[in-house]
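Taken in order, these protein sequences are the chains called A and B. Numbering that gives the first Met the number 0 puts the first residue of the first sequence at 0, with every later residue one more than the last. Numbering that gives the first Met the number 0 puts the first residue of the second sequence at 0, with every later residue one more than the last.
Don't take every hint at face value.
As the list claims (entries may be wrong) - With a straight-line cut-off of 27 Å between C-alpha atoms, the simulated DSS-like cross-links for lysine-lysine are: (1) B/K115 - A/K172; (2) A/K130 - B/K91; (3) B/K114 - A/K114; (4) A/K19 - B/K172; (5) B/K114 - A/K175; (6) A/K187 - B/K187; (7) B/K187 - B/K22; (8) B/K45 - B/K2; (9) A/K126 - B/K1; (10) B/K19 - A/K114; (11) B/K22 - A/K114; (12) B/K126 - A/K19.
What the hints assert, rightly or not - Simulated DEER-style distance windows between Cβ atoms: (13) B/K130 - A/E37: 45 to 53 Å; (14) B/S147 - A/T183: 15 to 23 Å; (15) A/R84 - B/S182: 26 to 34 Å; (16) A/R84 - B/K187: 19 to 27 Å; (17) A/R84 - B/I180: 29 to 37 Å; (18) A/K22 - B/Y41: 17 to 25 Å; (19) B/L129 - A/S179: 14 to 22 Å; (20) B/L129 - A/D118: 26 to 34 Å; (21) A/S25 - B/T57: 30 to 38 Å; (22) A/V197 - B/D118: 34 to 42 Å; (23) B/Y41 - A/K130: 30 to 38 Å; (24) B/S147 - A/K22: 46 to 54 Å.
What the hints contain is simulated information worked out from the structure, not anything from laboratory work. Computed from a predicted structure; not experimentally measured. Glycine included, each C-beta is placed from N, C-alpha and C at the ideal position.
2 protein chains.
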Amino acid sequence: MKKTTKEQILDVALDLFSQKGYKGASIRMISSKVGIRESAIYNHFKNKEDILNTIVSTLSSSSLSLLSSNKPLEESAKKGKSFLREFAASFKLLAYDNKSEKFFRFMMIELMQNKKMRDIFMNDFHKAHLKILSQAFFIMMQEDMIYSSDPMLMAREFLSPLFFYRMQVTLVKIDKENSSIESTLFEKHIDFFWEMIVNNK
Amino acid sequence: MKKTTKEQILDVALDLFSQKGYKGASIRMISSKVGIRESAIYNHFKNKEDILNTIVSTLSSSSLSLLSSNKPLEESAKKGKSFLREFAASFKLLAYDNKSEKFFRFMMIELMQNKKMRDIFMNDFHKAHLKILSQAFFIMMQEDMIYSSDPMLMAREFLSPLFFYRMQVTLVKIDKENSSIESTLFEKHIDFFWEMIVNNK
DNA sequence: GTCTATACCCTGATAGAC
DNA sequence: GTCTATCAGGGTATAGAC
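Let the hints inform the model, and build the full structure from the sequences given.
What follows is the structure in structure tokens.
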């Protein structure tokens, strides 16, 4: 199960992009890490941007969200806290998945510099999650499981700490420090948040 | 009240750093925007890194937190929701302050690439805020104003949406779209959060 | 598909005239 | 304090041999 040169180039490129950003990672470094000459890269990709586009289109959706939109949300949302636990678990999973983590790092570097990355962040990541969460909270409110409020507001308030904790896990792992403390933040968030919104009649 | 060349260099450098990052902003671009030759830069700064260090040491603390630590926290924390409102207002203020916004953008670009920036983020930004907030929540709990919980957990849960909303305001403003919707997120966060933790006996 | 060789541009930085 | 001139190094990319 050997990797083709093209796959190796993509792997190395993602690795370097996630450490140094798009501009900071040169064709020279990529090819040297793969073990070929610069010019050999151009047998597999038209140019540097072509490598970038391949990575982005391959990884953007899968690295930012594990949620498939065809799941029966109506049913799973009625599980209340368990639903939130599953949602957060998928977040945590991505924070500890190698490729997803690298893509997340890369996205964060490019976010303020690159319009395309901002669009990916806003649509594939933020809006996609908010939509699912707000629908789920709406259902929970209808079922009288939680206090009534603005479902979209509740979705934002639930999601933003998850994002922050994922970022924090990533940051801590860069400096190779133990991220076990940060890994518990996800669960604590669920407990705290659910305790706040649950309807204890 | 004309700006010295040195001040102009710093202004232009911050502007370009916030748009393209440290590597992406060249001495050539900085000098051309200031209206001098590349070599003239070196009469004011030893090298490119010297410009970076000057910006960081000048702006890091003031751009990340407006809170002076010598305020009497004991008293202000007892104001409860008003305290949180003031805290969030200072956050919002920085998101709309020109230099602070640029430094924030720059910090976000470098965060995943630069150990020094991570330290600044973790210490000057994150830990500093968590310390104040956890102390404030602890006092509020003692005063029976809010439900009893882990003050540090509460601080994190309160702070992380603020960070996220500040980032979102910055992102929206880059693409010159109207950020008025995002600007209301701070107040909504306070209302939602306070409603959740307040002790209504 | 990979190599050598090469073209050409941009980078940070220095020397020395004014 | 600013200029011109210049440098070495690294950047993307192409041509052509094997």
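Against the structure, the hints come out as follows:
With a C-alpha separation of about 15 Å, the suggested pair B/K115 and A/K172 falls inside the 27 Å cut-off, and the hint holds. Proximity of A/K130 to B/K91 is assessed by CA-CA distance (about 25 Å); at most 27 Å being required, the pair is judged to hold. Straight-line distance between C-alpha atoms of B/K114 and A/K114 comes to about 25 Å, which keeps the hinted pair within the 27 Å bound. A distance of roughly 25 Å separates the Cα atoms of A/K19 and B/K172; the hinted pair therefore holds under the 27 Å criterion.
Between B/K114 and A/K175 the alpha-carbon distance is near 12 Å, which keeps this suggested pair within the 27 Å criterion. Proposed proximity of A/K187 and B/K187 is supported: the alpha carbons are some 23 Å apart, at most 27 Å. Our distance criterion of 27 Å between C-alpha atoms is broken by B/K187 and B/K22, whose separation comes to about 38 Å. At roughly 20 Å between alpha-carbon atoms, B/K45 and B/K2 fall within 27 Å of each other, so this suggested pair holds.
At most 27 Å may separate the alpha-carbon atoms for a hinted pair to count; A/K126 and B/K1 exceed this at roughly 46 Å. Only pairs whose Cα atoms come within 27 Å are accepted, and B/K19 paired with A/K114 is accepted, the gap being roughly 12 Å. For the given pair, B/K22 sits about 18 Å from A/K114 by alpha-carbon distance, which is consistent with the 27 Å threshold. The suggested pairing of B/K126 with A/K19 holds, with an alpha-carbon distance near 26 Å, which does not exceed 27 Å.
At about 50 Å, the beta-carbon gap between B/K130 and A/E37 stays in the expected band of 45 to 53 Å. The hinted window of 15 to 23 Å between B/S147 and A/T183 holds, with their beta carbons roughly 20 Å apart. A C-beta distance of roughly 32 Å is found between A/R84 and B/S182, which places it inside the suggested range of 26 to 34 Å. Checked against the given bound of 19 to 27 Å, the beta carbons of A/R84 and B/K187, roughly 25 Å apart, stay inside it.
Separated by about 30 Å at the C-beta atoms, A/R84 and B/I180 satisfy the suggested range of 29 to 37 Å. Distance hint check for A/K22 and B/Y41: the Cβ-Cβ separation is about 24 Å, which falls inside the suggested range of 17 to 25 Å. At about 18 Å, the beta-carbon gap between B/L129 and A/S179 stays in the expected band of 14 to 22 Å. At about 32 Å, the beta-carbon gap between B/L129 and A/D118 stays in the expected band of 26 to 34 Å.
Between A/S25 and B/T57 the CB atoms are about 31 Å apart, so this pair conforms to the stated range of 30 to 38 Å. Taken as a hint, the range 34 to 42 Å holds for the pair A/V197 and B/D118, whose Cβ atoms sit roughly 39 Å apart. Checked against the given bound of 30 to 38 Å, the beta carbons of B/Y41 and A/K130, roughly 53 Å apart, lie outside it. Here the CB-CB span from B/S147 to A/K22 is close to 50 Å, well matched to the stated 46 to 54 Å.
When each numbered hint is compared with the structure, violations occur for hints 7, 9, 23.
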